[in-house]
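Undergrad: Since the structure of chain H is provided, determine the placement of chains S, X and Z on it from the hints.
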Amino acid sequence: MIPIPRTIKYESDLDHAFREKIMATQGCENIWSCIQCGLCSAACPISIYMDYTPRKIIAMTREGFREEVLSSRTLWLCASCYACEAYCPQNVNITEIMYALKRHAIEEKKYPRNFPIPELAKSFFTYVKAHGRNAEFWVVFRVWRKVALLRLVKMFPLGWRLLIRRRLPLRRERIRHTRQLKTILSNLNGEV
Amino acid sequence: MIPIPRTIKYESDLDHAFREKIMATQGCENIWSCIQCGLCSAACPISIYMDYTPRKIIAMTREGFREEVLSSRTLWLCASCYACEAYCPQNVNITEIMYALKRHAIEEKKYPRNFPIPELAKSFFTYVKAHGRNAEFWVVFRVWRKVALLRLVKMFPLGWRLLIRRRLPLRRERIRHTRQLKTILSNLNGEV
Amino acid sequence: MASKNGDIPRIGVYVCHCGTNIGGQVNVPEVVAFARTLPNVVVAREYKYMCSDPGQMLIKEDIQKLNINRVVVASCSPHLHEHTFRKATLEGGRNPFLFHMANIREHVSWVTQDPEKATEKAKAIVEAAVYRIQFHEPLESKHVPVHPDVLIVGGGIAGITAALTLADAGKTVYLIERESSIGGHMAKFDKTFPTLDCASCILTPKMTTVKDHPNIHLMTYAEVLEVDGYVGNFRVKVKKKPRYVIEDRCIGCYVCIEHCVYKTPKHPSEFDEGIGLRKPIYIPFPQAVPLVAVIDPETCIEFKSGRCPKKCQKACREIVGRDAIDFTQKEEILEIQVGAVIIATGFQIFDPSRIPEYGYGRYPNVYTSLEVERLVNASGPTGGAIVLRDGRKPQSVAIIHCVGSRDRNYNPWCSRVCCMYSLKLAHLVRERTGAEVYNCYIDMRTPGKGYEEFYEKLLHEGVHFIRGKVAEVTDWTINPEEAGKLVIRVEDSLIGVVRRIPVDMVILSVGLEPRSDAEELRRLFHISCSAEGWFLERHPKLAPVSTYTDGVYIAGACQGPKDIPDAVAQAGAAAGEVLSLVDRGVIELEPNIAVIDARRCSGCHVCIALCPFSAIAFHAEENVARINEALCKGCGVCVGACPSRAISQQLFKDEQILAEIEGLLMVD
Amino acid sequence: MASKNGDIPRIGVYVCHCGTNIGGQVNVPEVVAFARTLPNVVVAREYKYMCSDPGQMLIKEDIQKLNINRVVVASCSPHLHEHTFRKATLEGGRNPFLFHMANIREHVSWVTQDPEKATEKAKAIVEAAVYRIQFHEPLESKHVPVHPDVLIVGGGIAGITAALTLADAGKTVYLIERESSIGGHMAKFDKTFPTLDCASCILTPKMTTVKDHPNIHLMTYAEVLEVDGYVGNFRVKVKKKPRYVIEDRCIGCYVCIEHCVYKTPKHPSEFDEGIGLRKPIYIPFPQAVPLVAVIDPETCIEFKSGRCPKKCQKACREIVGRDAIDFTQKEEILEIQVGAVIIATGFQIFDPSRIPEYGYGRYPNVYTSLEVERLVNASGPTGGAIVLRDGRKPQSVAIIHCVGSRDRNYNPWCSRVCCMYSLKLAHLVRERTGAEVYNCYIDMRTPGKGYEEFYEKLLHEGVHFIRGKVAEVTDWTINPEEAGKLVIRVEDSLIGVVRRIPVDMVILSVGLEPRSDAEELRRLFHISCSAEGWFLERHPKLAPVSTYTDGVYIAGACQGPKDIPDAVAQAGAAAGEVLSLVDRGVIELEPNIAVIDARRCSGCHVCIALCPFSAIAFHAEENVARINEALCKGCGVCVGACPSRAISQQLFKDEQILAEIEGLLMVD
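Residue numbers (our numbering), protein chains in the order written: chain H, 2 to 193; chain S, 2 to 193; chain X, 588 to 1255; chain Z, 588 to 1255.
Don't read these hints as lab results, they were simulated from the structure. Watch out, some of these pointers could steer you wrong.
[Unchecked claim] Now the stretches of chain Z that chain X is said to cover, found in silico as 3 or more residues with beta-carbon under 8 Å: (1) 714-727; (2) 1145-1158.
[To be verified] To give an idea of the interface, some chain Z residues facing chain S are shown, with a C-beta separation under 8 Å as derived from the structure: (3) ASP799; (4) THR915; (5) GLU1043; (6) LEU1046; (7) HIS1047; (8) GLY1049; (9) ASN1066; (10) GLU1068; (11) LEU1081; (12) ILE1082; (13) VAL1084; (14) VAL1085; (15) ARG1087; (16) ILE1088; (17) PRO1089.
In this text, a Cβ means the ideal position worked out from N, Cα and C, and glycines have one as well.
Chain H on its own, in the form it takes in the complex:
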């Protein structure tokens, strides 16, 4: 027998500071303008796979449903195509809000497990922070190792073909003065 989770929400389940935090992020101020018309969800080309529609993400963010929002697949499916924002009748900066939520999800390690996109984002950031430049092979390798080890084995033939055609260089490039980059990045993070 499966356990039955509680679905009702007590105010103590919700995080009232969460919405303030999101709203304080530059570009996310007008989250309050949303009248919940759902046009964003309908305009979104990816909403086909989302667990919560973009409209619902906004509603939940506004009401402090921190856990649900940060662990939602929706954030990581967002392709940043800006369709929602372009058509939003209230001019809410939905894409910016999605970015802010993604950052929080990574910070708080709340993103859905076994889901490649947040891992990709994290690995990319870690790698670039360290070397100043991306190296596709190493980033992709890290992501698949974490997300689906078995899949990595299956991908070997493709990887091999790409390697011999020099489409997936193994060489790690790096820039000079990576320490300065780190300072810049940590300053930026401090701001966010």
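TA: Okay, now just chains S, X and Z, sitting in the frame of chain H:
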């Protein structure tokens, strides 16, 4: 990596005849009156555990979301307390609608698996149909055997105590003329 | 066949094509040819559009050249052009009631599929008209003069607006208000949506203008007792309740109130919705008009025991020198005569104690929206401070929309103003307390000029909007966060979860209802109510302020829930109708009324009881019933009911109707 | 100190307690004692309520007994009681402008915390008033007569209603309509919500009554060209466009149209929203008033090439014998004189081709709601059959609410009527085709009498209601079920899923907008528009049909989106205001206007360009500017701007203002 299910609904996913079928059930005619105010969900003492709120069940029934509705836990959690119906501003017979949906779920074998309540309803009906009278031991035994065999073993001490105190008789009582009962029941089912 | 009035009927029949409206379906030439064969028909013609000037000219010329003395036009509905052709008949030189209209458009061409059958039906209808018209007699329309004075019942914003418009036009207005001050509900509000104008700042000048206007007779604390008469000539009896304070002498100085034997106010103030207290002698609010004290005999010791030292009276006499208090004052009955009446009696709020789930009356911190209006009002009992019953400032407030509205268990209608006033209260609460405010609504209804923009302003102020109707307000708490609070249970239907929200204060946005005594007023003025109890307008689209009783108009929320601008517009419209009536000066009475043959009347009173317009009175001396021509609407109820066949109806006499039926049956 | 007009000022100062409103904060006796010390003050008194009758009596008695010739009352805002005290001064026997009001309530007691400082401030304000009043002079209010005729611009339901109310009151009305027939948008509708009354059945009788009314001068195909004058005395130039058909001769018989060289109609009919076709000579719709043909020179071959056989003209001359067609007709300019104006020019619909996602203009089966009104209309191009462009009957229809409304990218306001008309169209579509109908809305806004009940009726008819704004209409299909259909993408926000719904027909419920030429009209009549372009009412609550220009009123949807009953109520209210004005007969002009000293005026024109009320004209002979006393509102712009100091303003002369400032600064 988990597979990502499609969440968007095409009209071809929906069953337009479904709502007609439900509405045709006596007592369910006024499903159309619902203005989706959600009072039923808020009034429901069990909505705490429901996957879809009663309001949503009505919305989905009305729009033909047959699969989702029939496999929903909500139907089986409904305690038939009639709180929703008593307060409904549009006088929708929500409890009757829940019953109609339950019957459909059993007929179409769509109820959630490993969930005791639909099994209980089915076993009870089968047993009464055969013998004309309920026998707690045999009905409960069948339910737990199907739903959670392991749990059955664990329940042995309680069962034994009940047995020796004659609170759980093993004797199968039956009424006379069970054939007539069967005729009545099948006529009723034919109507539903 | 000579007609009853001796002349030989010479009938002209005119059949209209109405473009292709009739001509496309009915064979008009065939109908015309058929008409020529009918008795006494001298001429029959067809025309593309009989209502056009050349069409009418045909009639006028035939009357003059062919000496036609009866006219039948077969065309559209009499609602459309009866007036037109009666006028043409008159201009031709005949009495306009020697005309009859046969409707072959709405009754034939528009509703009949088969052209042949349509033509047959048209013939039958024309024949019926030709038979009927032989029995038509010349009738004279009577004219009655319109009394130029106007009565307005209700001194809220609608009544005030109508009174000022009429008074400025130079008409004498009697404004009657049941309470001791005019102002109505609007006087209780702090701000008005969506501009957040201070309500009394815009209302008070209007109220004082009413009082000072030379053309307005203001009667407060008064009620209509009896109404008699008809459009242009109403006689109205008004009861002035005793205030036990002589209005002309009182200067509203508050000295009597200060000297009342009650040192502090102990009785719930009606004006303050019970949130504030008053003494037995009181002035309901500082801007009251007239600014005159009133004694409530229910709570005054003198009235209850007769043993009060009457310090108030002494103070008025000795300190103020006005001697305005008179414990022996009696109610007064005044009679006034007016030509028209505007009813603007407004609404009452839904009593939320009817919904036990919301705990109103049980939990002290559950308020009605009107109570909160007094609470936020700068001149209210708390001086505008929003505090709970125990004086604490609320940190979270829930506003429940649609209380008693959109609910078949109570009132099925939408009360139209609650969404907007809930937003206004949300704004005021948030502005003054910084509390978290939760608005629980079903549909956000903000469809007015600047209203959507106001909704957006509220969104930006951080007010929570939860789409869901609250099921319950309870003090049963289940976790420490909820302790000591009221908890609302609501589905956040846009998220799809049920929520429990603990709050300090609950505001119930109560709906608007017809006043409980609307039915009595309805009967007094012979107007109608809809099933819900709102006064019924003559036409929901095109006559929104008229009633089925000529000369009686309605304005404002007594006709249905309405916000201030809509009530004001209606009041202006009602004033416009009244001015139009009074400026016209006379009323032409349709002559198709019932008449009693006094020689036949047995004085049985049957007709008197049945007449829906109270148009029949009993004439005791002659022992007969008599019909007031101005009141009779020609409905025919009395005609059918009279056991002595003493009553007949002009234009619908037995012989006319029977001839019409006979004609109708002649074509087979 | 003797005043300018020679008399010695004898000033009376009266300080009001206003109950505890002033007295509770300001030490009134101290202020009175202080006032007694001021120059020329003969008497200073205090009273609980100066506005009461005994309060006023003090002033009158002092004027008579103490020969007071200047009166200062220190109390509330002049908005409240300036009129009261001016009257008291007059009744005492002095010119009412020898009175001045010092506001120590709104400016002092209500806004000052510290009683001591409040008392000081009150003293300063009283001293300012005492200094100022020495320079007051007697002024006379002028009266101008009001012309009793009225101009109404716009012949929709609002204009028609106002015209009939005024005409029935016996006033002469000029009703000007830009189109060739009156009726406005309402004439295009099939049914009206929520009663489903047939629109033309209730409108047509009103239209014909307008035409036949002896007091109404109907001018269709006409526009206002120029407006001059002021309240009570407007001179208006009206341009009558040529119809190329002589109105008095045409009988609307359609013969000319039948004989047009175009055998079949080829040009999109404006009245039918392009859904139907017309010929170059046409009558817009069968119930048109006046029922007169009109020639469109843009499409008529005679106007385009001059080589048409002119069969229409020949047919009219020879068949009908009216010779009504005149290709040489020219536009006419008429001048009329009226006392008041009602503007009722209505709205235009939002052009949905501005939203490319909805495919209007690209997909033939995407319609505007107004097009569908014509489609469902029994007298429309399809005779009421709801068919797609290819003649098929739709089996599924989507109605998209809020098209161009509640959308900052287009119009931010709610258009108020769309929810209801969408429900009406859903009903008609379902009734006549049995199609599945999907209404996609944001909030269901049905807040009117019987509106909520109509929503419920629609729910019961099985119409789908999906709470969500449609993102896109597309013909890109992804499964066989969608093939050949239009697909809408919408979130069903109450279920929480995005849906793709294939439909045969999409109806766009377009919002209401101000007319694109509203700005021009605004300028013609010197009225204001809100930021959105709707005409601005004088006060959103209490003067919803007045404008800031006296004598010019607005009614109906030109002031903001409005349904028919609300437009009719406003029209009635505007008529009421006009009647009130006309019945009054004269206008009293406030004398606080600007006056030009002709000897000082250099004729520089600066003031003329600046005057916001166009009240100043140049007098060429004398080479000076002159102020029209009736137009001047006393705003003072010209006074400040005049480089020659030739202009001064009554009651705000330099010496008066300087004395006031001096007085204010005397108390430290």
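Undergrad: Work down the list of hints and note, for each, if the structure agrees.
TA: Evaluation of the provided hints:
1. 714-727: violated (count 0)
2. 1145-1158: holds (count 10)
3. ASP799: 47 Å, violated
4. THR915: 61 Å, violated
5. GLU1043: The hint holds - GLU1043 (chain Z) has a Cβ within 8 Å of chain S, the shortest such distance being about 6 Å.
6. LEU1046: 5 Å, holds
7. HIS1047: 5 Å, holds
8. GLY1049: 6 Å, holds
9. ASN1066: 6 Å, holds
10. GLU1068: 4 Å, holds
11. LEU1081: Constraint on LEU1081 (chain Z) satisfied, holds at 5 Å.
12. ILE1082: Holds. Min distance 5 Å.
13. VAL1084: Constraint on VAL1084 (chain Z) satisfied, holds at 5 Å.
14. VAL1085: 5 Å, holds
15. ARG1087: 5 Å, holds
16. ILE1088: 5 Å, holds
17. PRO1089: Where the cut-off is 8 Å and the nearest Cβ of chain S is about 6 Å from PRO1089 (chain Z), the hint holds.
Of the numbered hints listed earlier, those contradicted by the structure are 1, 3 and 4.
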